[in-house]
Amino acid sequence: MGVDKEEVFKNLAKCVVDGDEEGAKRWAEEAVKNNIDAYEAIMKGLAEGMRVVSELYEKGEYYVPEVLLSASAMNMAVEILKPHIKVDKTSKPITVVLGVVEGDIHDIGKNLVKIMLDSAGFKVIDLGKDVPLSEFVKAAKEHGAEVIGMSALMTTTMPGMKKVVDLLVSEGYRDRVKIMIGGAPTTMDYAKSIGADSWGKDASEAVGIVRSLTAK
Amino acid sequence: MSQREEMSSYDRLMAAFELKKPDRVPVTPFVREWCVRQAGFKFSEVMTNAEKYVYSQLYSIRKFGYDMVLDLLAVHAESEAMGSVLKIPVDAPPSVDVPAVNDYSKDLPKLRIPHPRKDGRLPLILKGISRMKEAVGGLIPVMGYVQACWRHTCMMRGTERALLDMKKNPDQLKELIDIATESLIVYAEAVVEAGADLIWVSDPTSSGDMISKKAFEEFVFPYLRRQIRAIKRMGAKVFLHICGNVNDRLEVMANTGADAISVDEKVDLARAKSLIGNRVCIMGNISPGVTLLQKTPKDVEEECKVALEKAMAGGGFVLASGCIVPAAVPPENILAMVESVKKYGVYQ
Numbered sequence: 000m001g002v003d004k005e006e007v008f009k010n011l012a013k014c015v016v017d018g019d020e021e022g023a024k025r026w027a028e029e030a031v032k033n034n035i036d037a038y039e040a041i042m043k044g045l046a047e048g049m050r051v052v053s054e055l056y057e058k059g060e061y062y063v064p065e066v067l068l069s070a071s072a073m074n075m076a077v078e079i080l081k082p083h084i085k086v087d088k089t090s091k092p093i094t095v096v097l098g099v100v101e102g103d104i105h106d107i108g109k110n111l112v113k114i115m116l117d118s119a120g121f122k123v124i125d126l127g128k129d130v131p132l133s134e135f136v137k138a139a140k141e142h143g144a145e146v147i148g149m150s151a152l153m154t155t156t157m158p159g160m161k162k163v164v165d166l167l168v169s170e171g172y173r174d175r176v177k178i179m180i181g182g183a184p185t186t187m188d189y190a191k192s193i194g195a196d197s198w199g200k201d202a203s204e205a206v207g208i209v210r211s212l213t214a215k
Numbered sequence: 000m001s002q003r004e005e006m007s008s009y010d011r012l013m014a015a016f017e018l019k020k021p022d023r024v025p026v027t028p029f030v031r032e033w034c035v036r037q038a039g040f041k042f043s044e045v046m047t048n049a050e051k052y053v054y055s056q057l058y059s060i061r062k063f064g065y066d067m068v069l070d071l072l073a074v075h076a077e078s079e080a081m082g083s084v085l086k087i088p089v090d091a092p093p094s095v096d097v098p099a100v101n102d103y104s105k106d107l108p109k110l111r112i113p114h115p116r117k118d119g120r121l122p123l124i125l126k127g128i129s130r131m132k133e134a135v136g137g138l139i140p141v142m143g144y145v146q147a148c149w150r151h152t153c154m155m156r157g158t159e160r161a162l163l164d165m166k167k168n169p170d171q172l173k174e175l176i177d178i179a180t181e182s183l184i185v186y187a188e189a190v191v192e193a194g195a196d197l198i199w200v201s202d203p204t205s206s207g208d209m210i211s212k213k214a215f216e217e218f219v220f221p222y223l224r225r226q227i228r229a230i231k232r233m234g235a236k237v238f239l240h241i242c243g244n245v246n247d248r249l250e251v252m253a254n255t256g257a258d259a260i261s262v263d264e265k266v267d268l269a270r271a272k273s274l275i276g277n278r279v280c281i282m283g284n285i286s287p288g289v290t291l292l293q294k295t296p297k298d299v300e301e302e303c304k305v306a307l308e309k310a311m312a313g314g315g316f317v318l319a320s321g322c323i324v325p326a327a328v329p330p331e332n333i334l335a336m337v338e339s340v341k342k343y344g345v346y347q
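Those sequence lines, one after another, are chains A and B. Counting along the first sequence from 1, when you hit position 179 you're at 178 in numbering that gives the first Met the number 0, and nothing is skipped either side. Counting along the second sequence from 1, when you hit position 131 you're at 130 in numbering that gives the first Met the number 0, and nothing is skipped either side.
Please note that a few of the clues may not be correct.
[As the list claims (entries may be wrong)] Computed footprint of chain B on chain A, listed as stretches where at least three residues anywhere in the stretch have a Cβ under 8 Å from a Cβ of chain B: (1) 64 to 73; (2) 153 to 163.
[To be verified] Derived pair list, reagent style DSSO-like, types lysine-lysine, alpha-carbon separation capped at 27 Å: (3) 19/B - 128/A; (4) 341/B - 200/A; (5) 161/A - 62/B; (6) 341/B - 62/B; (7) 24/A - 304/B; (8) 166/B - 13/A; (9) 128/A - 265/B; (10) 167/B - 191/A; (11) 43/A - 166/B; (12) 41/B - 200/A; (13) 272/B - 342/B; (14) 58/A - 212/B; (15) 13/A - 62/B; (16) 20/B - 294/B; (17) 167/B - 13/A; (18) 128/A - 86/B; (19) 58/A - 342/B; (20) 161/A - 86/B; (21) 294/B - 200/A; (22) 341/B - 58/A; (23) 341/B - 24/A; (24) 272/B - 191/A; (25) 309/B - 81/A; (26) 265/B - 161/A.
These aren't lab readings, by the way, just hints derived from the structure by calculation. Nothing here was measured: the structure is a model prediction, and the numbers come from that model. Glycine included, every Cβ here is placed at the ideal spot set by N, Cα and C.
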């Protein structure tokens, strides 16, 4: 058939950037119909779109509602493409355990980070919000995660992040995992003071941070 | 305290809100769970016992000498009274567990304006305000808290869904904001009647970290102005607090008609002062999570000194924390904040 796959990727990306859910579904179906590799369509189309969204968010052109709409368009297309991914991936993807610390239910920032990491091909274990602190450690061990990402949006719940770091140290697991933190009241200074490895200003930095933390 | 203070806390704060110069800059750390801990209670206890909450406020202000008592603020009581279900931890403030509005077509028609003297936790909060007024009325200003209409909306709908509704269901969202606004005006009237001298209207979901200025102007501003103007007509002062980066919307915030605009450390006080300081009082912006929580009294003093230098000139400034003070903040840091205005915040 005469459908150029680059054209499909471009349109998938554009639909994600525009938050065009119907368009994203239509182009995902087009990809399936034309036997375009589903994994490639996700990575070169949808993920590329999310990369642009992340850039626009960082530049202050997009805000949370725009990012959520883009993610929604992306997810709808992923649902269509997912059953067609050829499962022959033998290499284990880098795994990130993610969650909002105990007492804090502000999970939008964390969800944005998940969206960005998912779309960049990382495996995300999402513990959700108001996560008991020991769960971070448990999940990291269970899934052999390379990175733990924690967030807090309240000055009152921030101290929980330090407790997780301390917990990892006391269990002798601190060297096995990298820690990144984020959330409005946090800073790089704070990250350093609690013994975390990295800090992200917002979700747009998440992919870069995980890459640099896990670079061999 | 080398100098005798001339004004009561009440007169001092009111003067600052009216853009005048008091004897010294008023100082108002936003202390809620911090006081609860100072008094030796758990947060869940004060959620059901107004007397304990009031005691924690009176105990702390007498011991630390700042300039405002605060009601049991920001516990989503307005949203709870309209059907949102709260989760209440033992020793931390509550959060919304199940929002009231899931399906717009089914749930919107069911919403009722709560009766402030009957519904949910509202009577308990009103009782607390009256008790504080009896105890310190006229000498120390009593702050009553009323959520901003957009925050109330988010607490009834779920923040993430409300944000997405801006794109996908704008008309239904606006209907919900309208109901939220109406209900808050009714509640605010009861708060003022109970004795609040000033109302804190707080809107964290309106910051530039969340929504664009354009979305703020379309979805929030018209309703927020309606809410704030209504409260002012009841005779109370109003301060509007939006956390985070609001640098692009300071003027819009001032246009709501609030007497004071309260900001956190993402806003430069000198800039805020020069931009809107001629028409609203500025409140801010000592960092609660970094400076108050983690630094020494010396660091606190230094940050307060800088804030005062930037914004106290000519009056119309209140030294406040950038947001709510965590329970774990060392008492000596609150003391350092209070002492700093006596040292550096006196008007000649």
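Given pair status - residue 200/A, residue 341/B, alpha carbons within 27 Å: With a Cα-Cα distance of about 36 Å, the restraint between residue 341/B and residue 200/A is violated, given a limit of 27 Å.
Need the status of pair residue 19/B, residue 128/A: alpha-carbon distance at most 27 Å? Distance of about 45 Å is beyond 27 Å: violated.
Sort out whether residue 161/A lies within 27 Å of residue 265/B, counting only the CA atoms. Since the Cα atoms of residue 265/B and residue 161/A sit roughly 23 Å apart, the hinted pair holds (cutoff 27 Å).
Does the structure keep residue 58/A and residue 342/B at a Cα separation of 27 Å or less? 41 Å, violated
Tell me whether the statement that chain B covers the stretch 153 to 163 of chain A is true, taking a Cβ distance below 8 Å and needing three residues at minimum. Contact hint for the stretch 153 to 163 of chain A vs chain B: holds, 6 residues under 8 Å.
Has the given pair, residue 167/B with residue 13/A, been kept, meaning a C-alpha gap of at most 27 Å? 18 Å, holds
For the pair we were handed, residue 161/A and residue 86/B, check the Cα-Cα distance against 27 Å. 24 Å, holds
Run the distance test for residue 128/A versus residue 265/B: straight-line Cα separation, threshold 27 Å. 25 Å, holds
Residue 24/A paired with residue 304/B [C-alpha distance capped at 27 Å]: 57 Å, violated
Decide if the proposed pair is consistent with the structure: residue 309/B and residue 81/A, CA atoms, cutoff 27 Å inclusive. 56 Å, violated
Below or equal to 27 Å on CA atoms is what counts here, so check residue 43/A against residue 166/B. 26 Å, holds
Satisfaction of hint between residue 191/A and residue 272/B, Cα-Cα up to 27 Å: 33 Å, violated
Checked against the numbered hints above, the structure violates hints 3, 4, 5, 7, 10, 12, 15, 16, 19, 22, 23, 24, 25; every other hint is satisfied.
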